[in-house]
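Participant: Between the sequences and the hints, there should be enough to build the whole structure, so can you do that?
Sequence order for the protein chains is E and H. Here this note's numbering is used: position 61 in the first sequence is 61, and no number is missing along the way. Here this note's numbering is used: position 135 in the second sequence is 135, and no number is missing along the way.
It is worth saying that the hints were derived from the structure and are not from the lab. Where a beta carbon is used, it is the ideal one built from N, C-alpha and C, also for glycine. Certain hints may be false.
Chain E is faced by these chain H residues, among others (derived, beta-carbon under 10 Å) [what the hints assert, rightly or not]:
| # | residue |
| --- | --- |
| 1 | G15 |
| 2 | S18 |
| 3 | L43 |
| 4 | F47 |
| 5 | L114 |
| 6 | E140 |
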Amino acid sequence: MKPISMILLLTNRPSGQTIPAGALSGNSGSYQVIHCDDPQSLLDGLKEKGDSVPLELRPCLILLDWIRPDEECIRIIRRLKDDSRVKKVPVLVVAEQSDPQMVRQCYSLNTSFYLLKPADPSALKVFLDHLGQFLSLDGIKLPQIRHRWSSFPIAAAH
Amino acid sequence: MRKETIILIAEDDEGHYSLIRKNLQRAGVENPILRFPDGQAVLDFLFCPDHQNGPTQSDSYLLLLDIRMPKVDGIEVLQAIKKDSRLKVIPIIMVTTTDDPMEVDRCHQLGCNLYLAKPIDYDAFVDSIRKTGKFFSLLEVPSLEGV
Chain E
1 MKPISMILLL TNRPSGQTIP AGALSGNSGS YQVIHCDDPQ SLLDGLKEKG
51 DSVPLELRPC LILLDWIRPD EECIRIIRRL KDDSRVKKVP VLVVAEQSDP
101 QMVRQCYSLN TSFYLLKPAD PSALKVFLDH LGQFLSLDGI KLPQIRHRWS
151 SFPIAAAH
Chain H
1 MRKETIILIA EDDEGHYSLI RKNLQRAGVE NPILRFPDGQ AVLDFLFCPD
51 HQNGPTQSDS YLLLLDIRMP KVDGIEVLQA IKKDSRLKVI PIIMVTTTDD
101 PMEVDRCHQL GCNLYLAKPI DYDAFVDSIR KTGKFFSLLE VPSLEGV
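Facilitator: Here's what the structure looks like:
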């Protein structure tokens, strides 16, 4: 069994419309999901603290759940990939729309995957099932993260 | 993932290749699949515009890449693709028997999109590939044009 690891879920969606934590935590509860609906403040806080951040949390995967990819989403990916403490952490973008230029830009910035989230409830259920089952695979090997992040405006999702 | 996206599999072991292809298809993957028996062959395909049936700008590709391969290994292939401004958008999934943390770290450092260790157990291997195939149906993959 995998040790419990943390997924950081960054979103600009209204409360209650994000991917449910249970769908990401894996069949065996391999992941703890931390939810943040103010990503810019989180990243500003990290920048201010530099390497001296109090140590509490270690994301092994960052998921951006965005209504539609926009410049803010791209800015966040850039900031994550420019930060030596987290640049290796895989970033998944989940969006309901697929603009080819935005998809290209995300991959160019070293986003691991761009996932198209369906709006239809039954298709969404299948989407969440497939995503959850995939993330629960023991064979997925994530990079070693030696830093920790302090608890800025984030909370464990339920 | 659009059905037109071409899945490239660089895998020297014929048995592993067949198992991967068969179980991707059983998971509902209907995309064209091309196999390369070593790292040099996949580099020839991607980097040589004159290569017979080579990549076209309007197509999109996803690469499953073994590490231990003859001629050129998977790490060198990963490095070459991710350094290339046109090809770097191709998602690369390392699919390998090695799960040495140093190697995992190195692949992520070089920009692999995912590192998937092949389970030794047959049933677990099959399960892993089928779940990966279902995950593929969620993906958007860019074409090579527009760079």
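Participant: Decide, hint by hint, whether the structure agrees.
Facilitator: Hint-by-hint comparison with the structure:
The interface hint given for G15/H is broken, as the beta carbon of that residue sits about 18 Å from the closest beta carbon of chain E, more than 10 Å. Annotation: interface hint on S18/H violated; nearest CB of chain E at approximately 19 Å, more than 10 Å. The interface hint given for L43/H is broken, as the beta carbon of that residue sits about 20 Å from the closest beta carbon of chain E, more than 10 Å. The beta carbon of F47/H comes no nearer than 19 Å to any beta carbon in chain E, farther than 10 Å, and the hint placing it at the interface is violated.
Hint status for L114/H: holds, given a least beta-carbon distance of 6 Å to chain E, under 10 Å. Annotation: interface hint on E140/H holds; nearest CB of chain E at approximately 4 Å, less than 10 Å.
Of the numbered hints listed earlier, those contradicted by the structure are 1, 2, 3, 4.
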